[in-house]
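**Student:** Each chain is listed here by its residues.
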Amino acid sequence: MLQTLQDLASFVFNVDLLRQYGWRLLEGLRITALVVCTSVTIGFVLAYFVCRARMSKNVVLSSAAAFYSTFFRGTPLLCLLYLVYYGAGELRPVLSQIGIWWFFRDAYYCCIFIFSINTSAYQSEILRGALAAVPKGQIEAAASLGLSRYRIDRHIVWPQAFLLALRPLGNELVSMIKASALAAIVTLLDLFGQTRFIFARTFDFSVYLYAALIYLVIVEIIRRLWAVMERGLSRHVLASAKS
Amino acid sequence: MDWFGLLFGPNGWSRLLLEGLAVTVGLALATIPFGFGFGLLLAILKLSKRRVVRGLCEAYTTFFRGIPDILALFIVYFGLNALLDRIWVALQFEGHLEMNIFVAGVIALSTVVAAYSSEVWVAALKSVAEGQREAAFALGLDRRKTFVFVTWPQLIRVALPGLGNIWMVLLKDTSLVSTLGLVDLLRAAHEANKNTGRPIFFFTVAALIYFAFSILSSVVQARLEKRANRGFA
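Protein sequences appear in the order of chains U and Y. The first sequence runs 1 to 243 under the working numbering. The second sequence runs 1 to 233 under the working numbering.
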């Protein structure tokens, strides 16, 4: 009975494993953080332009942007990742000629490339929703006060829109962290990649649980951080609601 | 550049791709009853009066919503395999137990989908006023009839948009099972790529098929929502 219990415990926890391979998990975490931060930042910039195009009066531009965001949200990220990662090899002569083969040769850059596009599709929808939720009267009032287009955007629209977008953007960051695990499938040694590496070496199942724990902790930290940010940004709303 | 030949020629790949598509759609459809059903069960338990039950269900949801879907898949797949193996050995059976990947995929995806959908079900369950149930009991309906005729029609109306989103996620998540070796649409495209060296073509075809199914799903979802909303302004 005791033997079985010990057996079960070692199935879930294994300290020796951490001592030997813990640094690998941390190194993987570093890569995951790098990939996610870069992609989400680039994605945000892209999303701004996609959102602008989507809301433009030019029909071609707005339908192109609509297709962009629907397509990249409706296709599995893994499929797109394969398309870029393996597809780059097929285009190698062309890519070498224009001097960007070094970029697509590297799984790291491939991941950042397609993750940025993918997250920009989601973020552009979030931004669009948030911008649409700002009452039209606000913009009209600002315009009637003689504010320029830039001033209206900068001081009237975005502060309100950003507050609305904050929470969904946080959710998008979390789902990007989770989606970034796919990078491991194209050989990148991120957190999940290192986990698979360690499992292949040791056949010790507990390493998956350690990885899960690390992901859970990151997600929880972001959730808390976002709650603090939201409270900070919405102080004026809360104050006016109280009085 | 013979795209037609690559797909429909004598050595065309359309057959394998179609078989892969059938596996993908089958996987997603087979997951629905287990994933949504288990999710509903979780939701009911989450509203239980007993703290331990609630806590356990919340922990389950937090765990599977907080980790990458692919990691959840691996945990369920390898965990289940290792566990079954141990039971097999403990029962002193001969040989080695191997789980069918499709079944393992359904179990793993259901585990994740249950976690996601339980949140939707909780919100929907809370939206049905307690008085509705009480009124149904007062009219002499039994528990089953109350659920089927009173609670459910109001519940599903609120739950459908959320469940629709989860279905979209599920459709895309089936592609993750290809990494465990199941020949779904993505894996079929990959096989075609390995044999022909035409990744751009085959992965684009796969992406477009997934995309078509997403569009189709959103059309069906809009229909279902319209139907569920009949009788409401």
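Treat the hints with caution; some may be incorrect.
[Unchecked claim] To give an idea of the interface, some chain U residues facing chain Y are shown, with a C-beta separation under 10 Å as derived from the structure:
(1) Ala88
(2) Lys178
(3) Leu233
Think of the hints as simulated: they come from the structure by calculation, not from any bench. Bear in mind the structure is a predicted one, so any value in this text is a computation, not a measurement. C-beta: ideal position from N, C-alpha, C; glycine also.
**Student:** Each hint needs a verdict: does it hold in this structure or not?
**Tutor:** Here is what the structure says about each hint:
1. The beta carbon of Ala88(U) is positioned within 10 Å of a beta carbon in chain Y (closest approach about 9 Å), and the interface hint is therefore held.
2. For Lys178(U), the interface hint holds, the least distance from its beta-carbon to any beta-carbon of chain Y being 4 Å, beneath 10 Å.
3. Evaluation of the Leu233(U) hint against chain Y yields a violated restraint, the C-beta minimum of about 24 Å exceeding 10 Å.
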